[in-house]
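Enquirer: Quick note, the sequences are listed as chains W and A, same order.
The numbering of the first sequence is the working numbering, which starts it at 1 and goes up by one.
The numbering of the second sequence is the working numbering, which starts it at 1 and goes up by one.
No wet-lab data here; the hints were simulated from the structure.
It cannot be assumed that every hint is accurate.
With a cut-off of at most 30 Å between alpha-carbon atoms, the simulated DSSO-like pairs for lysine-lysine come out as follows [unchecked claim]:
{"id": "1", "chain 1": "A", "residue 1": "Lys274", "chain 2": "A", "residue 2": "Lys233"}
{"id": "2", "chain 1": "A", "residue 1": "Lys233", "chain 2": "A", "residue 2": "Lys89"}
{"id": "3", "chain 1": "W", "residue 1": "Lys56", "chain 2": "A", "residue 2": "Lys2"}
{"id": "4", "chain 1": "W", "residue 1": "Lys56", "chain 2": "A", "residue 2": "Lys5"}
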Amino acid sequence: MSGSDSTPQEMAWNDSNESRTPLRVIVNGTQVHVLVPDRLLLSDFLRDHLGLTALKVACGEGACGACTIVMDGEPARSCTLLAVQTEGAEILTLEGINAPEGMNHVQQLFQQHHALQCGYCTPGWLMSVYGMIQRSIHPDSNEVGRYLSGHICRCTGYRNIWTAVRRALGAMSDKPVSGEE
Amino acid sequence: MKPAKFRYVRAETADHAVDVLSNADDTARILAGGQSLIPALSARSVTASLLLDIMRCPGLDGVSQTGGEVTIGAACRQSQIEHSSLTRKSIPLLSEALGWVAMPQVRSRGTVVGCLAQANAGGEVPVVALALDAEFHILARGGVRCRMPAQDVYAVETGTRLPPRSLIVSASLRARVAGEGWGFCEVQLRQGHFALVCCAVTLLLEEDRRIRSVRIAVGGLTASPYRAHRAEKALMGEDGDNDSAIRDAAHVASAERPWPARTDLHATGAFRAKAAVAAVARALTDARSRCSRNTGATDERV
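Sequences and hints are given; from them, build the entire structure.
Expert: Here it is, written out as structure tokens:
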């Protein structure tokens, strides 16, 4: 990553005729100043050029939630944003909220409640939970289901994830999931 | 897939955006939140020579109320409007409907005005715009400014009547008046999916519970949303607590669609027509339950 010098850092890109735009963005607390290709998706910028590979690219059209990051405090899809659209924003990826050692509180809850198997979708869920905690969403609010509907998990099943998420939002018990709104 | 090449320009002002748009080719596009446009570019179902990002133009990111009208700027994000205390109080119908637009992770970047311009057949926001007599503030070629009612914008079977190479700078919606009830009902395949059908209603009752005014807008059933004027007329003066009048009006609202019912992979036109009856009836009863008993007694307007 480059600092906030006045000249944006060049990025490796195989087509020198590609139209590019300077981008200043804070990623996980570090100021980045680069010249990015206009059509580069944020997900590819974060993974391929900044090496932040916790986020995954699955559907590539905003439906599955595996690429979820937090932009200016709110969870967002990094595959339906261009890198250049994040000018001036603060981006958080899972790498930015990891505990210095071991797992953070929400990761521990996911482990305790068996809320993951293959783990491919997990980084996305964790970023949404981060956003939900920022908004102090009540564990019994129907908002929980709305956030959860923004993620697809193909192996664990949603019950355990729902339980872990409710716990992360402060629920004291694992009450069974009732029908959603 | 990844988007094909295009040029990206951060517009400095709304006028700058329209200026550049006027001199670009036909595939140049305005970029707001991009939550529909970027996936379409990735799938290459849309190609663009130029994207004009308007999110940093001064004056486009505000929401304000003057008298009986709430104005929402083109750069206002859906999550911002959904949770704003002003919208919750003055246009609760929109806050409610925004809860049905995709998922929170998409609403954090998508814009309200973008939904209005996009006019997706399964979109919720244009339906609310019709129920709330919205007017679009449009900036067109050569700096020409005009106001266009939502009713005119959506008066075509597909697409919109927005002038080419123009920008919707903001949209104004009618604020809730004291005692007014509102209802929004949607039938969707799963949470976060587009509406198969949806209905937005506002309702005012007299002190004796007769219907003083009602607005019904239906979406999803046809490619463009419409106001159900015949159903509204049938309800005027009726007893608001008369459920069979509401049911009859719901049937009228579905039947008076100005265009054929939409059939696609998810539902047939016949199914949508039936679902619309249920959605209109539910939206009307929800609106009734929110009408305050002391209509007109206090003015809660800000």
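Enquirer: Next, verify each hint and record whether it holds.
Expert: Against the structure, the hints:
1. A:Lys274 - A:Lys233: holds (21 Å)
2. A:Lys233 - A:Lys89: Holds - the C-alpha atoms of A:Lys89 and A:Lys233 are around 28 Å apart, at most 30 Å.
3. W:Lys56 - A:Lys2: holds (15 Å)
4. W:Lys56 - A:Lys5: It holds: about 23 Å lies between the C-alpha atoms, which stays within 30 Å.
Hint check: no violations occur; every hint is consistent with the structure.
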